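> One-letter residues, chain by chain:
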Amino acid sequence: MSGDLALQTPPLTWLDVGAAADVPYQGARRVETDKGAIAVFRTVDNDYYAVMDKCPHKGGPLSEGIVHGRHIACPLHNWSFSLETGEAVGVDAGKGCTPTVPLKIENARIFLGLR
Amino acid sequence: MAFHSEPVAKPRIVVIGAGMAGGRIVEEILKRDDRMFDISIIGAESCATYDRIQLSPVLAGEKTFEQIVTHSQDWYDLNGVKTHFGCWVQGIDRDARRVVLHDGQTIAYDCLILATGSDPIRLPLPGADLSGVVAFRDLHDVDLMQKAAEAGGEAVVIGGGLLGLEAAYGLAKRGMKATVIHLVDVLMERQLDEAAGRLLEKALAERGVSAVLNAQSEAILGETHVEGLKLKDGRVIPASLLVMAVGIRPHVEPAKSAGLTVERGIVVDDQMRTSDPFIFAVGECVQHRGQCYGLVAPIWDMCRTLADVLTGKNPQAAYLGSELATRLKVSGVDLYSAGQFNGGDGCEDIVFRDPARGVYKRIVIKNDQLVGAVLFGEAADGGWYFDLIKKGESIGEIRDTLIFGQAVTEALAGVDPNAAVAAWPDDTEVCGCNGVSKGAVVAAISGGADTLDKVRGCTKASASCGSCTGIVEQLLKVTLGDAFKAQTGPKPMCKCTHHGHAVVRQAIVEQGLKTIPDVMQALKWETPDGCSSCRPALNYYLLCAWPREYQDDPRSRFVNERNHANIQKDGTYSVVPRMWGGVTSARELRAIADVVDKFNLPMVKVTGGQRLDIFGVKKEDLPAVWADLNAAGMVSGHAYAKALRTVKTCVGSEWCRFGTQDSTGLGIRLEQDTWGSWMPHKFKMAVSGCPRNCAEATIKDFGVICVDSGYELHVGGNGGIHLRGTDLLCKVATEAEAREYSMAFVQFYREDAWYLERTAPWIERVGLEAIKAKLFDEETRKALMARFLESQAVFQVDPWAEHAPQSEPAKVFSPLADLRSEKKEMAR
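Here the protein sequences come in this chain order: F and Y.
Note that our numbering has the first sequence beginning at 1, numbered continuously upward.
Note that our numbering has the second sequence beginning at 116, numbered continuously upward.
Quick caveat, the hints were computed from the structure, so don't treat them as lab data.
Please note that the accuracy of each hint is not assured.
[Said to hold, decoys possible] Okay, derived cross-link-like pairs now, DMTMM-like style, lysine to aspartate or glutamate, Cα gap no bigger than 20 Å in a straight line:
#, chain 1, residue 1, chain 2, residue 2
1, F, 54, Y, 735
2, Y, 262, F, 92
3, Y, 887, Y, 866
4, Y, 926, F, 16
5, Y, 639, F, 45
6, Y, 797, Y, 685
7, Y, 889, Y, 867
8, Y, 610, F, 92
9, F, 95, Y, 269
10, Y, 926, F, 22
11, Y, 505, Y, 463
12, F, 95, Y, 321
13, F, 54, F, 87
14, Y, 481, Y, 449
15, Y, 926, F, 92
16, F, 35, Y, 423
17, Y, 639, Y, 218
18, Y, 797, Y, 913
19, Y, 569, Y, 625
20, Y, 292, F, 92
21, Y, 146, Y, 423
22, F, 58, Y, 685
23, F, 54, Y, 423
24, F, 54, Y, 933
25, Y, 713, Y, 667
26, F, 104, Y, 933
27, Y, 733, F, 34
28, Y, 926, Y, 667
29, F, 35, Y, 933
30, Y, 317, F, 92
31, F, 95, Y, 265
[As the list claims (entries may be wrong)] So these bits of chain F aren't anywhere near chain Y, every CB distance computed over 12 Å:
#, residue
32, 10
33, 24
34, 56
35, 107
Predicted, not measured: the structure shown is a model, and the values here were computed from it.
The beta carbon of each residue, even a glycine, is placed where N, CA and C say it ideally should be.
Start from the sequences, fold in the hints, and give me the full structure.
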């Protein structure tokens with residue numbers, strides 16, 4: 001199925017959005033795009049993730065939540081999401097998913113894979 | 116001293132079955148005499164002994180497997196017990212007195228103990244052999260269920276008894292849609308009456324478990340893997356996992372083929388002896404006086420009896436059967452049932468119902484004795500009722516109040532509940548889960564275990580289901596007297612730890628823990644960096660304990676405190692400047708009006724705390740808004756913080772014809788004393804100039820009512836969801852005293868309350884008397900005030916001034932990059 005999807009969708013364009021060090025530990029920064037804001041996270045283990053900055057529940061800005069492990073707690077109603085899959089976890093599991101955005105770090109710079 | 120040239124051969128005990136009964140009988144024997152026997156244990160599961168009852172929390176993800184192991188391989192090794200795990204018994208040769216294992220090995224015995232437990236019943240439905248159909252009995256089943264739950268989808272559980280409901284709850288908690296199919300029209304009908312069953316149904320529905328009652332299963336559908344369940348009435352319920360939890364049946368095979376007397380279970384006498392005098396049996400495989408048991412308490416009773424008999428500690432010990440009590444292990448559903456709850460001839464019922472709170476209690480009385488109880492919604496008194504049932508004493512004198520529980524009954528009877536516990540004989544069982552007696556708990560406390568946690572650590576009492584926590588605390592109080600500090604109770608802070616707030620706070624101070632990672636390390640946190648509920652709490656506890664040393668962690672603060680503004684539903688913020696005592700000026704109003712115009716803000720609102728709230732500020736504009744307000748001399752109102760919010764005032768003697776004192780002035784001074792102080796929760800004050808109370812001081816955390824002769828100080832009011840009027844703390848003569856008391860009260864609250872506990876519930880928890888005792892003692896009061904002032908010296912800082920627009924932290928208020936087509940260049 002992913003193969004079919006790849007055929008239909010345009011290839012990724014990797015864009016440099018800033019220095020890795022500019023995202024605080026256990027924190028996030030926003031990247032504004034025409035399709036809405038993207039939240040770039042840095043975990044306690046120094047892993048980086050990017051998801052759309054919008055909670056599927058009430059549109060809360062996930063970039064303002066508390067990062068714990070590889071999860072983010074939405075600041076509006078405290079739903080938790082996996083940063084790896086974007087899926088709601090815990091008591092709200094199965095109720096929604098926020099789209100993830102491909103991310104890579106090269107030469108201490110953050111690149112987002114956008115279409 | 117005599118020397119033996121060769122070791123004396125000890126009598127050999129062989130235990131078949133390494134489940135809860137097998138592990139327990141070994142432990143009970145060793146406890147009485149650890150040198151008398153040469154013990155071997157045989158277990159089919161290839162791991163150590165674990166607490167099968169706790170599989171439900173493991174399935175629900177509330178516990179790990181390691182946490183439920185009761186006897187590990189190490190434990191057996193240390194105690195010199197030979198283990199044969201992963202082995203099963205092929206036969207028992209009674210003539211030669213030896214056990215033959217599946218691999219041909221033989222083990223000789225002088226005394227054999229069968230603890231073979233029971234098997235889950237599998238309904239012979241068509242499709243029962245499809246993959247995805249499991250029982251809920253052992254670790255293997257839990258593994259299968261967890262894997263299935265990872266894929267999500269729908270689960271059907273056949274059986275609405277204790278086990279079935281716990282299975283369904285665990286699956287729902289792991290994200291599956293769970294449906295329970297039950298044959299009759301009441302859930303847990305063997306433990307509950309109809310009314311409690313309905314409440315349970317509702318409570319489960321709120322937790323994602325739906326129930327189909329009066330439903331008979333016909334066939335399990337699917338090709339190779341289960342796809343659904345078909346009911347007799349034609350309904351089909353889709354399912355990718357089907358759990359059968361319809362009951363258990365004693366596992367009697369080895370006993371039967373050895374020719375022992377077996378009916379429904381292995382028949383034993385009052386000393387647990389089977390029809391062969393060298394073979395004994397304990398646990399669920401047993402039939403005693405016609406009864407088979409499927410609960411844990413009888414196992415403990417049986418094991419104690421048998422150990423007494425075998426070790427000769429009490430050769431006349433006899434097991435006389437057990438009264439049964441059940442507690443449902445579903446988080447947040449308090450359900451307890453004991454004895455003969457469904458009444459019968461000559462029984463009378465007393466029923467208490469409070470549907471709004473979801474509380475239902477029913478007790479059954481026969482011949483002036485308590486014989487049964489069902490509790491739903493509030494089950495803390497379960498153990499007390501159960502004890503009354505077991506004792507069988509006359510309840511005539513307490514009958515009027517019995518339904519209201521232990522505290523009310525004993526208070527009205529003039530009994531100190533602690534005294535009752537103190538009078539218990541030493542062998543009274545305190546913790547049913549772990550079989551710990553009062554004597555053992557008291558011995559541990561006398562030996563230095565002076566906190567609930569330490570008692571749990573060395574006796575296991577209260578460490579499993581936690582229902583006996585209250586009793587253990589009473590024993591701590593009785594044994595230690597004033598040296599006992601009230602404990603946290605059984606409720607952990609969050610899923611990352613099993614410690615409660617009080618234990619964590621105490622550890623921070625006693626062990627000198629100074630960072631969040633230190634606390635997590637020392638207290639064995641179970642997640643790498645906590646979660647959104649424990650991290651803010653830890654951050655607060657640390658800054659309260661070590662104001663001078665602790666480095667605040669903004670990443671463990673809720674967005675509002677990190678951004679110094681209130682996040683609103685559209686992601687914009689509102690900003691509230693401080694207006695001391697509710698007083699403002701033309702200059703301040705002009706500055707606010709200018710900010711509103713400059714940033715095109717949509718609304719300004721007067722708050723309930725006599726200030727102006729400016730709405731609709733974009734995050735990136737926050738630093739500039741603060742700078743403008745700051746320039747007019749205004750500081751942050753902390754309207755977003757767990758800290759002092761407002762001090763509401765009336766005009767008092769300065770203008771009002773009734774005012775008795777300068778209430779506005781006192782309000783301003785109280786606000787100047789306390790602003791910027793971080794607290795467990797938001798904190799509001801008010802000062803009213805006369806008893807007409809225009810500032811509504813009697814629903815504030817700290818309120819002052821000025822009267823002719825001085826100041827009435829009130830505490831613990833709350834106008835929130837649960838309205839609570841204040842308690843009168845005391846009356847003082849001077850303004851200086853009023854301020855001193857306010858600071859001491861605030862500091863006591865800061866040091867003692869749990870994070871997110873407002874003063875109202877805090878006062879109800881610790882009691883007004885405890886607060887008076889602290890504050891009325893001059894030395895204590897002064898010390899509290901001194902600690903408060905020390906903290907204020909560090910934290911009384913205006914966050915707006917700190918984050919001037921060009922400052923380094925202000926950078927995070929702007930986007931990392933802006934890729935929108937109208938703004939191609941990168942923002943920094």
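> Give a verdict on every hint.
Against the structure, the hints:
Taken as a hint, the residue 54/F and residue 735/Y pair is honoured in the structure, with Cα atoms around 17 Å apart against an allowance of 20 Å. The suggested pairing of residue 262/Y with residue 92/F holds, with an alpha-carbon distance near 19 Å, which does not exceed 20 Å. Among the hinted pairs, residue 887/Y with residue 866/Y is consistent with the structure: their alpha-carbon atoms are about 15 Å apart, no more than 20 Å. Simply put, residue 926/Y and residue 16/F have alpha-carbon atoms about 19 Å apart, close enough for the 20 Å limit, and the pair holds.
Distance check on the hinted pair: residue 639/Y and residue 45/F sit about 18 Å apart at the alpha-carbon level, within 20 Å; holds. Proximity of residue 797/Y to residue 685/Y is assessed by CA-CA distance (about 23 Å); at most 20 Å being required, the pair is judged violated. Between residue 889/Y and residue 867/Y, the direct Cα distance comes to roughly 12 Å. Compliance with the 20 Å bound is thereby established for this hinted pair. Taking the CA atoms of residue 610/Y and residue 92/F, the gap is about 15 Å. The hint holds against a cut of 20 Å.
Of the pairs offered as hints, the one joining residue 95/F and residue 269/Y holds, with about 14 Å between alpha carbons and a cut-off of 20 Å not exceeded. With a C-alpha separation of about 9 Å, the suggested pairing of residue 926/Y with residue 22/F holds against the 20 Å cut-off. For the proposed pair residue 505/Y and residue 463/Y, the alpha carbon gap of about 18 Å is at most 20 Å, so the pair holds. A threshold of 20 Å between alpha carbons decides the hint, and for residue 95/F with residue 321/Y the separation of about 15 Å falls inside it, so the pair holds.
Annotation: proposed proximity of residue 54/F to residue 87/F holds, straight-line Cα distance about 12 Å (limit 20 Å). A distance of roughly 25 Å separates the Cα atoms of residue 481/Y and residue 449/Y; the hinted pair therefore is violated under the 20 Å criterion. Distance hint between residue 926/Y and residue 92/F is unfulfilled; the C-alpha atoms sit about 33 Å from each other, more than 20 Å. Distance hint between residue 35/F and residue 423/Y is unfulfilled; the C-alpha atoms sit about 75 Å from each other, more than 20 Å.
Between residue 639/Y and residue 218/Y the CA atoms are separated by roughly 42 Å; this puts the pair beyond 20 Å, and the hint is violated. Between residue 797/Y and residue 913/Y, the direct Cα distance comes to roughly 17 Å. Compliance with the 20 Å bound is thereby established for this hinted pair. For the proposed pair residue 569/Y and residue 625/Y, the alpha carbon gap of about 14 Å is at most 20 Å, so the pair holds. Of the supplied pair hints, the one linking residue 292/Y and residue 92/F holds, its CA atoms being roughly 12 Å apart against a limit of 20 Å.
For the proposed pair residue 146/Y and residue 423/Y, the alpha carbon gap of about 10 Å is at most 20 Å, so the pair holds. Pair hint residue 58/F plus residue 685/Y holds up; C-alpha atoms about 9 Å apart against a cutoff of 20 Å. With a C-alpha separation of about 65 Å, the suggested pairing of residue 54/F with residue 423/Y is violated against the 20 Å cut-off. The straight-line distance between the Cα atoms of residue 54/F and residue 933/Y is roughly 17 Å, inside the 20 Å bound, and the hint therefore holds.
Straight-line distance between C-alpha atoms of residue 713/Y and residue 667/Y comes to about 33 Å, which puts the hinted pair past the 20 Å bound. With a C-alpha separation of about 18 Å, the suggested pair residue 104/F and residue 933/Y falls inside the 20 Å cut-off, and the hint holds. Taking the CA atoms of residue 733/Y and residue 34/F, the gap is near 18 Å; set against the 20 Å cutoff, the hint holds. A distance of roughly 19 Å separates the Cα atoms of residue 926/Y and residue 667/Y; the hinted pair therefore holds under the 20 Å criterion.
With a C-alpha separation of about 12 Å, the suggested pairing of residue 35/F with residue 933/Y holds against the 20 Å cut-off. Restraint check for residue 317/Y and residue 92/F: the C-alpha separation of about 19 Å stays at or below 20 Å, so the hint holds. Among the hinted pairs, residue 95/F with residue 265/Y is consistent with the structure: their alpha-carbon atoms are about 15 Å apart, no more than 20 Å. Every Cβ of chain Y is farther than 12 Å from the Cβ of residue 10/F; the closest lies at roughly 16 Å, confirming the non-interface assignment.
With a minimum CB-CB distance of about 7 Å to chain Y, residue 24/F fails to clear the 12 Å threshold, and the non-interface call is violated. Distance to chain Y confirms residue 56/F as a non-interface residue, since its nearest Cβ pair spans about 14 Å, more than 12 Å. No Cβ of chain Y comes within 12 Å of the Cβ of residue 107/F; the nearest lies about 16 Å off, and the non-interface call holds.
Checked against the numbered hints given earlier, the structure breaks hints 6, 14, 15, 16, 17, 23, 25, 33 and satisfies all the rest.
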